[in-house]
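Asker: Taken in order, the sequence shown gives residues 555 to 910; the numbers are from the working numbering.
None of these hints come from the bench; they were simulated from the model.
Just so it is clear, the structure is predicted and the values come from calculations on it, not from any experiment.
Accuracy of the hints is not assured; some may be wrong.
[What the hints assert, rightly or not] Straight line, CA to CA, 27 Å or less: simulated DSS-like cross-link-like pairs of lysine-lysine:
1) LYS816 x LYS868
2) LYS868 x LYS806
3) LYS767 x LYS703
4) LYS806 x LYS816
[Stated by the list, open to error] Label-pair distances were calculated between CB atoms; the ranges are:
5) ALA653 x ALA619: 44 to 50 Å
6) THR872 x SER751: 35 to 41 Å
7) ALA619 x GLU907: 27 to 33 Å
Glycine residues also receive a C-beta, built at the ideal position from the N, C-alpha and C atoms.
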Amino acid sequence: MSAWPDARILELFNIDVPIVLGPMAGAAGVDLAIAVARAGGLGSLPCAMLNAEQIRQQVEQFRAAVRAPINLNFFCHTPPQPDPEREARWRAHLAPYYAEFGIDPNAQAPAANRAPFDETTCAVVEVLRPEVVSFHFGLPAPELLARVKATGAKVISAATTVEEARWLEARGVDAVIAMGNEAGGHRGMFLATTIESQVGTFALVPQVVDAVKVPVIAAGGIGDGRGVAAAFALGASAAQIGTAYLLSPEAKTSAIHRAALKQATDADTALTNLFTGRPARGIVNRLMREIGPMSPLAPAFPTAGGALAPLRAKTEPTGSGDFINLWSGQAGRFAAEAPAEAITRRIAAQALERLG
Numbered sequence: 555m556s557a558w559p560d561a562r563i564l565e566l567f568n569i570d571v572p573i574v575l576g577p578m579a580g581a582a583g584v585d586l587a588i589a590v591a592r593a594g595g596l597g598s599l600p601c602a603m604l605n606a607e608q609i610r611q612q613v614e615q616f617r618a619a620v621r622a623p624i625n626l627n628f629f630c631h632t633p634p635q636p637d638p639e640r641e642a643r644w645r646a647h648l649a650p651y652y653a654e655f656g657i658d659p660n661a662q663a664p665a666a667n668r669a670p671f672d673e674t675t676c677a678v679v680e681v682l683r684p685e686v687v688s689f690h691f692g693l694p695a696p697e698l699l700a701r702v703k704a705t706g707a708k709v710i711s712a713a714t715t716v717e718e719a720r721w722l723e724a725r726g727v728d729a730v731i732a733m734g735n736e737a738g739g740h741r742g743m744f745l746a747t748t749i750e751s752q753v754g755t756f757a758l759v760p761q762v763v764d765a766v767k768v769p770v771i772a773a774g775g776i777g778d779g780r781g782v783a784a785a786f787a788l789g790a791s792a793a794q795i796g797t798a799y800l801l802s803p804e805a806k807t808s809a810i811h812r813a814a815l816k817q818a819t820d821a822d823t824a825l826t827n828l829f830t831g832r833p834a835r836g837i838v839n840r841l842m843r844e845i846g847p848m849s850p851l852a853p854a855f856p857t858a859g860g861a862l863a864p865l866r867a868k869t870e871p872t873g874s875g876d877f878i879n880l881w882s883g884q885a886g887r888f889a890a891e892a893p894a895e896a897i898t899r900r901i902a903a904q905a906l907e908r909l910g
């Protein structure tokens, strides 16, 4: 018999502790997924910035290291149509920074490296057969979703409103991630359009629990056992945790990002669209302070970062985080410089103690 008051997620994913690693594209990779899985949680591999061969290699590395289920995470955004006028306005807005650092204002921007789930990645899932497949920004086309489910994978996705949670359940997800405003990185919003009214985690979770029959995974601002226990008290069956792992040795967090996390307070993050074109929570830096964290000029996701790339290339080697995204949730102070396996075990033990 499980010591946890709600074992639905444990049984659904065949894991020992109800902790899901937040699939943080750029900061999380196979080493972090392995460490969390070794502690009994669900290891997640962010795939939106990987090609098919990289996904295959990392899944093989995971399988060789640990006998545990794996969660492959994909984005479901619609690639934007080219908009040269908007791009030009965005570059003009950034022109003073180009001038400051002696950068050619016409420097070629790299192509966006966040790809949506498509035929190619679906074929990869069919070959690799992960136990869990999670999506961000909704769900893929019905025919692709049907193929994923046909592999036997459990499907989950993030909701930022009750409406989104009901939409996901109606389309057959096995669990819903209730993602609150406190969460780091990109909002999972896909029906909601305004960030100003986004609900906090501990207001959202019980409302989603009441609205759907599938298990709910709480996400956002959870970084220790107290948060996990609180999520259970509100009806969640598990917690998704990301920021708490960003200082672990297994995370791919850069030295600049690590330094910013160590110095950040609870009031030092904001939602911003400057770096990708979609709202995401990160630590406030020079760019966010000077032009404001949200700008209507930022091109559509994921292309906004192209014009920032020359600025990043110029300043990052000097140790500056002025023009790079420093994703973090509001509970950044819970990030620990400890192995991810130990972090997972500690959080689970703390939660069980509080749950009695």
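Asker: Run the structure past the numbered hints and jot down the numbers of the failing ones, going up.
Answerer: Violated: none.
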